[in-house]
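Line order of the protein sequences matches chains A and B. Residue numbers for the first sequence follow numbering that gives the first Met the number 0, so the first one is 0 and each next one is one higher. Residue numbers for the second sequence follow numbering that gives the first Met the number 0, so the first one is 0 and each next one is one higher.
These are computed hints drawn from the structure, not numbers from a lab. None of these values were measured; they are calculated from a predicted model. Misleading hints may appear alongside valid ones.
Identical chains blur together in the list; that is why a pair holds if it fits in one copy or across any two.
[Unchecked claim] Below are the EDC-like pairs computed for lysine to aspartate or glutamate, each with C-alpha atoms no more than 20 Å apart in a straight line:
hint: 1; residue 1: Lys39; residue 2: Asp12
hint: 2; residue 1: Lys84; residue 2: Asp27
hint: 3; residue 1: Lys96; residue 2: Asp27
hint: 4; residue 1: Lys96; residue 2: Glu57
hint: 5; residue 1: Lys96; residue 2: Glu74
hint: 6; residue 1: Lys26; residue 2: Glu45
hint: 7; residue 1: Lys39; residue 2: Asp27
hint: 8; residue 1: Lys13; residue 2: Glu57
hint: 9; residue 1: Lys13; residue 2: Glu55
2 protein chains.
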Amino acid sequence: MITEVADFLILEDKSSTFEGELARAAKDILAKAKGYVGHKILSSHETPNRFLLVVEWETIEDHVMGFRQSEAFIEWRGIIGPFFKNPPTVEHFNVRKE
Amino acid sequence: MITEVADFLILEDKSSTFEGELARAAKDILAKAKGYVGHKILSSHETPNRFLLVVEWETIEDHVMGFRQSEAFIEWRGIIGPFFKNPPTVEHFNVRKE
Numbered sequence: 000m001i002t003e004v005a006d007f008l009i010l011e012d013k014s015s016t017f018e019g020e021l022a023r024a025a026k027d028i029l030a031k032a033k034g035y036v037g038h039k040i041l042s043s044h045e046t047p048n049r050f051l052l053v054v055e056w057e058t059i060e061d062h063v064m065g066f067r068q069s070e071a072f073i074e075w076r077g078i079i080g081p082f083f084k085n086p087p088t089v090e091h092f093n094v095r096k097e
Numbered sequence: 000m001i002t003e004v005a006d007f008l009i010l011e012d013k014s015s016t017f018e019g020e021l022a023r024a025a026k027d028i029l030a031k032a033k034g035y036v037g038h039k040i041l042s043s044h045e046t047p048n049r050f051l052l053v054v055e056w057e058t059i060e061d062h063v064m065g066f067r068q069s070e071a072f073i074e075w076r077g078i079i080g081p082f083f084k085n086p087p088t089v090e091h092f093n094v095r096k097e
């Protein structure tokens, strides 16, 4: 299992529209991808146009080689891309087991 | 409930020591703070010296006015601070309810 963290900075006047569109696209598109396990959307308290999308995948390949190379990704990026103020930063993380 | 996300960039040769110290200090110090709910430590796949500490607090004040103003915070920062390559970035997030 691997955790993707995508960090989005959104055009200031589009933040509330973005949040709804992201939630909808995550449910309709992302959640249907192979290897998808779950996701959360977090909105920043200090920076109202900053959002984190945290996605759990079975493997990193499911995200990078699977979803990102798929037709579904083009649709996904077409919905959320127009809201970006800057290109998002995306990294993958391992959760430390206690 | 509010989610703190602290983003740490660590001195390159100190990453594995840091991860153990952070885990220990989180259990021994952070987890005893008033309003602490839970935490996770994430290590980056792409950037081996990058870590996220994700902490759930009952309220933002429990973190900012409570923990950060406490003696325990001085001890906490004394343990993890020497490992920092750059000052960490910390923000608070609301988790979107579906």
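- Item | Status of Glu57 relative to Lys96 across identical chains (alpha carbons, at most 20 Å) | within (16 Å within a copy, 23 Å between copies)
- With 20 Å as the alpha-carbon cut-off, assign the pair Lys13 and Glu55 to within, between, both or neither. Neither, since 26 Å and 27 Å both go past 20 Å.
- Status of Asp27 relative to Lys96 across identical chains (alpha carbons, at most 20 Å): Between. Shortest inter-copy distance 16 Å satisfies the 20 Å Cα cut-off; intra-copy 31 Å does not.
- Query: Should Lys13 paired with Glu57 be assigned to within, between, both, or neither, using CA atoms and 20 Å as the limit?
  - Reply: neither (32 Å within a copy, 29 Å between copies)
- Item | Intra/inter-copy verdict for Lys96 and Glu74 if alpha-carbon distance must be at most 20 Å | So Lys96 and Glu74 fail the 20 Å test inside a copy (35 Å) and across (24 Å) alike.
- Go through the copies and call it for Lys84 and Asp27: within, between, both or neither, with a Cα cutoff of 20 Å. neither (24 Å within a copy, 40 Å between copies)
- Using 20 Å as the alpha-carbon threshold, which applies to Lys39 and Asp12: within, between, both, or neither? For Lys39 and Asp12, the Cα distance exceeds 20 Å both inside one copy (23 Å) and across copies (32 Å).
- Message: One pair to classify: Lys39 and Asp27, alpha carbons no more than 20 Å apart. Within, between, both, or neither?
- Response: Result: close within a single copy only, 14 Å intra versus 28 Å inter.
- Message: At most 20 Å between CA atoms: does that hold for Lys26 and Glu45 within a copy, between copies, both, or neither?
- Response: Neither, since 26 Å and 27 Å both go past 20 Å.
Hints 1, 2, 5, 6, 8 and 9 from the earlier list are contradicted by this structure; the remaining hints agree with it.
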